[in-house]
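Colleague: The residues making up each chain are set out below.
2 protein chains.
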Amino acid sequence: MLRELVFVGLGLNDENGITLQGLQEAQSADHVFIELYTSLLPDFSLRNLENLVGKPIQVLSRRNLEEENGRLLFDAAEAGKAVFLVPGDPFIATTHVTLRVEAAKRSLPTRVVHGASIISAIIGVSGLHNYKFGKTVTIPFPENFSETPYNVIAQNKQLGMHTLCLLDLNATERRFMTIREALGLLQGIEEKKQQGIAADDALAVGLARAGSNQPTLKADFLRELANFDFGQPPMTLIFPGQLHFTEADALIAFAGAPTKLRSLAK
Amino acid sequence: MLRELVFVGLGLNDENGITLQGLQEAQSADHVFIELYTSLLPDFSLRNLENLVGKPIQVLSRRNLEEENGRLLFDAAEAGKAVFLVPGDPFIATTHVTLRVEAAKRSLPTRVVHGASIISAIIGVSGLHNYKFGKTVTIPFPENFSETPYNVIAQNKQLGMHTLCLLDLNATERRFMTIREALGLLQGIEEKKQQGIAADDALAVGLARAGSNQPTLKADFLRELANFDFGQPPMTLIFPGQLHFTEADALIAFAGAPTKLRSLAK
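Sequences listed follow chains A and B, in order. Counting in the working numbering, the first sequence runs from 1 upward without gaps. Counting in the working numbering, the second sequence runs from 1 upward without gaps.
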């Protein structure tokens with residue numbers, strides 16, 4: 001009997017973000033599961049995906065996966081081929097790394113079918129150079145307030161590097177932080193620390209709904225960016241470090257950045 | 001008349017790494033192009049992809065895209081819908097950012113269909129935490145020798161951060177750097193600099209053929225890793241910084257790391 005757990009990435013937007021291989025894995029599985037709480041797929045329809053796969057897909061909650069340690073998933077994988085569908089690239093959410101370690105402890109074979117991730121998408125779409133990104137941070141909701149993101153941006157900037165800021169989400173309430181909220185939180189820290197990271201004349205790049213048919217990308221100084229209408233989540237922010245002139249050109253071309261940026265680039 | 005250039009990512013391994021959306025875009029295009037020189041898709045067959053798309057796909061060389069500034073691509077996109085297929089996620093190769101800037105200058109509409117990238121795949125597969133990666137480097141062939149990668153690894157390590165090392169490729173000769181070559185180059189710099197970055201007791205993680213059916217992942221001290229048989233390219237390296245204990249567990253479970261790693265983790 002085949003015992004197997006296959007993690008399949010769903011990419012960024014809707015049911016067509018799955019790869020041909022991912023779809024084939026789901027079609028040939030004995031049981032198909034999905035989680036939709038670690039990130040938001042703007043135009044996703046479970047029903048459409050079930051039609052593509054040709055069988056029902058069981059939705060797993062945070063409770064199923066974290067508090068119950070993925071029992072439903074492992075029960076199915078111990079008795080056949082289980083496919084677990086996950087937004088983005090499966091292991092960018094560290095909670096799923098834990099599941100894979102648990103599978104290894106059970107000597108349960110696992111495989112991975114990768115999907116597109118916001119991590120590479122935003123780098124590409126912004127035109128900023130991949131090798132100039134420093135440490136990534138997540139900006140937490142006020143209930144988990146932390147000055148770490150501000151400090152990481154400052155540390156990266158000092159080294160000339162860009163900072164990718166992922167925005168917090170509250171899985172149970174399905175609440176996704178907006179760029180405006182994130183900037184407000186950083187501006188609050190700015191008032192105290194005064195290092196210029198979230199000052200009015202600091203530059204940032206916002207991206208909403210990456211991978212959808214209507215992504216919104218905008219680069220501007222915080223004075224302006226804080227009032228820009230990005231539409232619906234999910235959203236991501238970048239605080240650029242020292243810009244290369246080709247990066248400035250890309251931000252002007254793709255992200256409607258002020259042409260003044262050219263004079264700030266090297 | 002529709003003028004449009006759509007960049008579509010092919011993911012990591014073969015023709016089944018394209019997303020359903022990417023395939024639909026190619027099927028509805030007037031002209032379909034591909035480049036296969038910025039990275040290596042281990043099990044890719046152009047013929048199989050042409051069968052899936054249902055039309056011929058024109059292969060563009062480095063010369064076509066860089067020296068001739070993508071003329072073939074733009075001629076097609078000015079006269080209809082052109083789809084350009086690219087390994088991985090389209091804009092991780094900065095050469096394609098240049099094409100997109102050129103399209104913007106021509107007021108030619110562009111769209112992006114993202115694909116899986118080694119950037120997110122190796123983070124997930126290794127089980128290392130995404131937010132602990134510092135700056136990424138590419139390790140160049142000896143003809144482009146540079147001490148920069150060594151210095152970047154050292155700088156990241158000092159901050160406790162991991163370093164993702166992409167390995168060089170020679171597009172015209174279709175030559176792909178192996179992990180053994182990369183380690184040899186770093187060990188050469190080690191002899192001179194003696195900072196311990198590529199010393200025998202330094203830890204590294206190698207990954208070959210990410211996203212294929214037979215990826216090889218191995219974490220070990222350089223003394224051992226330099227002689228490990230990773231099989232065929234493409235390959236990637238990570239030099240970990242300070243390990244969290246869950247990261248050590250993941251490397252032991254997924255990458256056959258020595259259990260001694262647990263005592264080095266925090």
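Hints were generated in silico from the structure; no laboratory data involved. Any given hint could turn out to be false.
No distinction is drawn between identical chains; accordingly, a pair holds when it is met within one copy or between any pair of copies.
Unchecked claim - Derived pair list, reagent style DSS-like, types lysine-lysine, alpha-carbon separation capped at 25 angstroms:
#, residue 1, residue 2
1, Lys157, Lys132
2, Lys157, Lys192
3, Lys157, Lys260
4, Lys260, Lys105
5, Lys81, Lys105
6, Lys81, Lys55
7, Lys105, Lys55
Colleague: For each hint, tell me whether it holds in the structure or not.
Modeller: Comparing the hints with the structure gives:
no., hint, result
1, Lys157 with Lys132, "both (10 angstroms within a copy, 16 angstroms between copies)"
2, Lys157 with Lys192, "within (19 angstroms within a copy, 30 angstroms between copies)"
3, Lys157 with Lys260, "within (19 angstroms within a copy, 36 angstroms between copies)"
4, Lys260 with Lys105, "between (56 angstroms within a copy, 18 angstroms between copies)"
5, Lys81 with Lys105, "within (18 angstroms within a copy, 50 angstroms between copies)"
6, Lys81 with Lys55, "within (14 angstroms within a copy, 35 angstroms between copies)"
7, Lys105 with Lys55, "neither (30 angstroms within a copy, 47 angstroms between copies)"
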